[in-house]
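Protein chains in written order, with our numbering: chain A, 952 to 1326; chain B, 952 to 1326; chain C, 178 to 572; chain D, 178 to 572.
Source of the hints: derived by calculation from the structure; they are not laboratory data.
Positions of the beta carbon are idealized from the N, C-alpha and C atoms, including for glycine.
Heads up, some of the hints might be wrong.
What the hints assert, rightly or not - With a straight-line Cα cutoff of 35 Å, these simulated DSBU-like cross-link-like pairs (lysine-lysine) come out: (1) C/418 x B/968; (2) C/565 x D/565; (3) A/1209 x D/489; (4) D/291 x A/1209; (5) C/489 x A/982; (6) D/291 x A/968; (7) A/987 x C/346; (8) D/258 x A/1209; (9) D/291 x B/1209; (10) D/489 x B/982; (11) C/291 x C/418; (12) B/1209 x C/361; (13) C/418 x B/1209; (14) D/418 x D/358; (15) D/510 x A/1209; (16) A/969 x D/291; (17) A/1209 x C/565; (18) D/361 x B/987; (19) D/291 x D/510; (20) C/291 x B/1209; (21) C/565 x C/489; (22) A/969 x D/361; (23) C/510 x A/987; (24) B/987 x D/565; (25) C/565 x D/358; (26) B/982 x D/346.
As the list claims (entries may be wrong) - Residues of chain B placed beyond 12 Å of chain D at every Cβ, according to the derived structure: (27) 1053; (28) 1289; (29) 1308.
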Amino acid sequence: MSMVLNAEQCATQAAAKKLIQARSPVLALRKLRDEKADRGFDESLWQQMVELGWAGILIPEEYGGLGLSPGYLSVVLEECGRTLAASPLWSSSLFATYLLVHCADSAIRRDTLAALAAGQCQVAVALEERARHAPYDIDTVLSAGEHSTLTGRKHFVVNGHVADKFIVSCRDAHNQLRLVLVDAAHKGVRVERNWMVDSHNSATVYFDNVTITSEQFLGSADTVQLFDSALDVARLGLAAEMLGSASEAFERTLAYLKEREQFGVIIGSFQGLKHRAANMFVELELARSCVRAGFSYLDEGGSDATQLAKLASIAKMQLSQTLNLVSNESVQMHGGIGMTDEHEIGFFLKRARVLEQLLGDDVFHVDRYAELNGY
Amino acid sequence: MSMVLNAEQCATQAAAKKLIQARSPVLALRKLRDEKADRGFDESLWQQMVELGWAGILIPEEYGGLGLSPGYLSVVLEECGRTLAASPLWSSSLFATYLLVHCADSAIRRDTLAALAAGQCQVAVALEERARHAPYDIDTVLSAGEHSTLTGRKHFVVNGHVADKFIVSCRDAHNQLRLVLVDAAHKGVRVERNWMVDSHNSATVYFDNVTITSEQFLGSADTVQLFDSALDVARLGLAAEMLGSASEAFERTLAYLKEREQFGVIIGSFQGLKHRAANMFVELELARSCVRAGFSYLDEGGSDATQLAKLASIAKMQLSQTLNLVSNESVQMHGGIGMTDEHEIGFFLKRARVLEQLLGDDVFHVDRYAELNGY
Amino acid sequence: MENLEHFRRDTAAWLEQNCPASMRTPMSEADTIWGGRRFEYPSEDARLWKERMAERGWTAPTWPKAYGGGGLSSAEAAVLKQEMRRLNCRVPLFSFGLGMLGPALLEFGNEAQKQQHLPHIVNGDIRWCQGYSEPGAGSDLAGLQTSAVDAGDHFVVNGHKVWTSYADKSDWIFCLVRTDKNHKQGGISFLLFDMESAGVSTRPIQLISGASPFCETFFDNVKVPKANLVGELNQGWTIAKRLLQHERAMISEIGFADPSGQAAPLAQLAREYLGESHGRIADRVLRADIARHEMKTQAFMATLQRASAEAKAGQSVGATSSMFKYYGTENNKAKFELMMKIAGHHGLGWEGPGFSERDLTSTRRWLRSKGNSIEGGTSEVQLNVIAKQVLGLPD
Amino acid sequence: MENLEHFRRDTAAWLEQNCPASMRTPMSEADTIWGGRRFEYPSEDARLWKERMAERGWTAPTWPKAYGGGGLSSAEAAVLKQEMRRLNCRVPLFSFGLGMLGPALLEFGNEAQKQQHLPHIVNGDIRWCQGYSEPGAGSDLAGLQTSAVDAGDHFVVNGHKVWTSYADKSDWIFCLVRTDKNHKQGGISFLLFDMESAGVSTRPIQLISGASPFCETFFDNVKVPKANLVGELNQGWTIAKRLLQHERAMISEIGFADPSGQAAPLAQLAREYLGESHGRIADRVLRADIARHEMKTQAFMATLQRASAEAKAGQSVGATSSMFKYYGTENNKAKFELMMKIAGHHGLGWEGPGFSERDLTSTRRWLRSKGNSIEGGTSEVQLNVIAKQVLGLPD
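All chains, please: the whole structure from these sequences, using the hints.
Pasting the structure below:
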């Protein structure tokens, strides 16, 4: 595996950093929060992202996308993580788009991909029904019969209240996992926005006897495999975003350690804090390697599902653990000022726990890794 | 609970400290090891302990003992822990004796107790058959029929090769747990001494169709309860010994931190080491409290088996964790010299892991505590 | 001893007669009677109960009668406390004046200051706040820069305090100020002044967990009469240190005394959110984490018991307050982190209908817990204190 | 490029022809060919193989031919290594002379020293050991006290070294000595001398894990000719630092390259010792600990890969050797601690028939692993280096 970014990815990252630092600093998230912004993200910034092609990175050129590998999106997500920027990039342009790109051909798929690439549509994946991540432990059902109907309740649906369509996981009459694409405007769909600790978008979505036609299915016999791969790619995307957040929180804290004086000295000169900072640095280096390993595998066309699963679980575990550590240490090392809402470091702590829980925290992925290895 | 030692216990502790520091410093264990001493402990020291009444602390006065509560033995064990002193105090005078004192009356019990108090007999409890502590996961069987016979294999039998008798756990024809008292000299009993990392005694004991008569049974319908309580008392005894070892290793390391110079300063002035030392101190304080809480409960006649079980599991968990931490940090903080056999600190590391595993490490007791609390 | 039993009977009888029924129900933090000029009593009973107790000086039972206190011996005060607890009587008045300034004035104040301030504290007429920390003086409190400059018969105070609890609701402040720039600890004085003085302003601090009692307090050429200096000029550090001991002990209790009793035990939460298998919490790893946490908490509580028993037996180990502050707060933070893991999605709500009240409260409490290991002396400071004072490690 | 392929073909052909069959089997640590005056070759093939390689200078492929080396370019040396690996050829000679002293002499030695020593290192005639640490100079190596006093045409060396690997089996020593008491780093010189010199004695060090290659080495008025000084007087620290970089890199590999391949994976050990339930390791907590450990190890190995890729791409982050030394050794210690938990009673054997060979080996390896975070710069020193050199935190 190459383990390093190629020149184009470096360029994409530089462009992303420039745009996001300028247009979406942490202050932007604070404003969205304080103003209780309707959409929960900056629509004009999003359109700029679309113009840069980011919404279509994964989408084949025939549908108006760039047809690139996920590694190109990872560097953008990492930059989003640095400023905690809110956008549909992860939920719609990575997670949902990956599912649509990789499912069987159909008119609905073609139309949706074209709309996604053009930034005219957003899709959210509605999967969670339990307190903790459990993609296969679901009660949402698809009734049998000539006219299937979908009934269930999904929560923790990222960007759910601004989505035009949902990809919904459910079980059919044979208890098989199915994925269906449902219009948000469809009769029987109800969306309830949740106000989360990290001020990012999340919703509860209710499906009450929603009529489903055969064109709405994603995948067929291979649904589980498709869903698993998409989950793993999405987990790697989260890991990239978390890497950005953890790096930024660490760097801000490091700067504070070099600037804050107590007892007549710079507090960064205390060995107790130095050793903790050095240990965080090492964990961050491991974290970066996990993210790179995962995306290198994808970029190089790796297609073994188990290998991808292991890489994704390692990355999500390492990033969850590291971001947890760094976000806690950041507040502690900032001292009193870190506890104030006025200071930005607390935003990293809040966002951290959401990112940790999304698609499984370290406890989930440790268990899964053991499972994948057959013990 | 009183949580503090009474005046007599303080006096016992002082006497124990004096004798053990003088007669059984760590150097004594080294000698036993290097000379591969037959008995594995100092017989003359043991006789002195017997003369001081320690072998009979738990034994009623009618059998020649002192009839005291286990707290009196705990302070002696703590002092033994300080110098890693080898003796049958824990295995025979606490664990086996507690079982005999609390089982139903019988001639064999009376005779054995009298011999134990007089130091004329040593009893070892033979219970383990698995890699990790698992008192109820056993294959040793007691055949049905007129003449019962005992067949099985026990390992990790502390002081097994010097024991005159064994208390053996087994399952009868109804799959009920039974405890039987077996003479080491009995036909069909074979003892194999093991050379352990801590240079203390441990043996594998084989029972091959050993004839058992009804007088040899300890307890009857209440065997499980008797065994559980004895295990818990023995666990508290280990915790007391571990408290001594951990305290001593910590104090030696602290002294080294105050004496060793590198880079022109006392290494104990480095904040990184200071914080770790302070954290160890706190864990040791918690450890001491757990030991005191357990023995206070016993000394005050506490008789609720579940309460005792919780106190014992908390103590064994906390001491296993603390001794693990302290023994590792002690070697690391001593640096290169801590790695040499010539220095005594390594003996604490070696003994630590044995004490941790005996009757369950922290992982075992955490699971048990959850079980005891019904979750 | 006989007198004490006599006192107990009289006290019980008086309490029975004078404590209104509504003041004998469990109270939450929101029911605290702080007193002060602008305080609005939640009920007539609350006011009555405070007045009756204050009249006897029993809001400050051990303070001398001369200053409005109860004049009780510590044995009598203990009996009063026991009887109040037995009869479920609410605390009639709680304030920093009673808990912090009063004891300091009794020890360090002059006669005029005691006469002037103590009776108003006992009555709850005046509510006090504490002006200690500054933006540049947190762990290093003695580095404070708020200055009091001698201007003849008064000082002129300028500066900026932070973490002033309830500054916006208080009437007076006891405040550490710098009166000598050339000596650090030896250049600090302890001043009292009215928050209504010209030049005093406050601004509430929003925490990561939401609204808080904390304020920033600004002093812009505030005139303070010299009579309001407690103790000698430049000797305020001694008083400050005495007060900090009280504060530290208060915060370490956070971890183990869950005053509201609202928090569900972790195991119960886990059953609910993680489900069961074979009668056990389904996720065995989190189950073990819960058990381990509860065991550590038991070990910590046993240590509190032992310290108290040893203190009685005269065997105290020293620096126990640092140990309790350190472990209690770290353990409390660990509890909330574990709770977050158990609650998963449910632990991530901020407001609105998607989450239960319990979920939303626990999110805020998780965030608030991060401050425990910072306020009242950081964990790092506590470890330094243990290393130095208990372990004797060199600087 | 064409030349390189030519070289590859020739090399492969030569190796095929000259490497004895018995030298193309897997080797264990015990098969290492150290060379030296007293070395006993395990077989005639081993001697032959070393001699044939040494004759071409291929025991030191990149050293100049003038000193007996192979004179290969680094590209050619890489090809040689690849071909040897492909054909399973054993390493013909391994020594501190080849790995440590040789490169130092090439960089810092004078012509006479190179002529005198390098050919013997290439041939394996002389075995070298390293005299660095002292009882009072561990982490603070520059605090060393072994003195070399000027006595005209020679130095007189007195002192006490520890952790001298294989001192009892070596012929010569490269040694740090103090030649100026008034300057710390600037008072150290780098000397070479024969271990058969009068006044040199050694004593093997027994470790907590048992026998070891380490020795204590004592110098009692040892005469060393001045010609044996490498570099300038009092400039030895520069050479020492260069050599330490090599050592650190070697030790950090301990954690991830299990050379013997004997250690059973933890999961396999757990299946055996803990049993299974529902097809999984029965103890779910230890199962999770194992998985977490293996994941962290994978993350660490990915970091080694990335560092190597970045170094090639010229993006190196710096101080990577400290990071690898720190994490590799701590992770290795954690692995053995976990193994101890899994093995329970089986992990506690020392010798005798009650335990399997695997069990006994793992006990020793667990104990030996404790030294990993001490030797070659403690974990604390590595963290200091990272804090200073990478993070730029002040002293």
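Cross-check of the supplied hints:
1. C/418 x B/968: Status violated; Cα separation ~40 Å.
2. C/565 x D/565: 26 Å, holds
3. A/1209 x D/489: 32 Å, holds
4. D/291 x A/1209: 47 Å, violated
5. C/489 x A/982: Distance of about 56 Å is beyond 35 Å: violated.
6. D/291 x A/968: It is violated: about 54 Å lies between the C-alpha atoms, which goes past 35 Å.
7. A/987 x C/346: Between residue 987 of chain A and residue 346 of chain C the Cα gap is close to 30 Å, so the pair holds against 35 Å.
8. D/258 x A/1209: 46 Å, violated
9. D/291 x B/1209: 46 Å, violated
10. D/489 x B/982: 56 Å, violated
11. C/291 x C/418: 20 Å, holds
12. B/1209 x C/361: 29 Å, holds
13. C/418 x B/1209: With a Cα-Cα distance of about 28 Å, the restraint between residue 418 of chain C and residue 1209 of chain B holds, given a limit of 35 Å.
14. D/418 x D/358: 19 Å, holds
15. D/510 x A/1209: Holds. Residue 510 of chain D to residue 1209 of chain A sits at ~32 Å (cutoff 35 Å).
16. A/969 x D/291: 55 Å, violated
17. A/1209 x C/565: 25 Å, holds
18. D/361 x B/987: With Cα atoms ~47 Å apart, residue 361 of chain D and residue 987 of chain B exceed 35 Å; violated.
19. D/291 x D/510: 40 Å, violated
20. C/291 x B/1209: Given pair residue 291 of chain C, residue 1209 of chain B is violated - Cα atoms ~48 Å apart, limit 35 Å.
21. C/565 x C/489: Between residue 565 of chain C and residue 489 of chain C the Cα gap is close to 25 Å, so the pair holds against 35 Å.
22. A/969 x D/361: Violated, because 49 Å separates the two Cα atoms, which is more than 35 Å.
23. C/510 x A/987: Holds, at roughly 30 Å.
24. B/987 x D/565: With a Cα-Cα distance of about 50 Å, the restraint between residue 987 of chain B and residue 565 of chain D is violated, given a limit of 35 Å.
25. C/565 x D/358: Measuring from Cα to Cα gives roughly 33 Å; hence the hint holds.
26. B/982 x D/346: 29 Å, holds
27. 1053: 27 Å, holds
28. 1289: 8 Å, violated
29. 1308: It is violated; residue 1308 of chain B is separated from chain D by about 6 Å at its closest Cβ, not greater than 12 Å.
When held up to the earlier numbered hints, the structure conflicts with 1, 4, 5, 6, 8, 9, 10, 16, 18, 19, 20, 22, 24, 28, 29 and fits the remainder.
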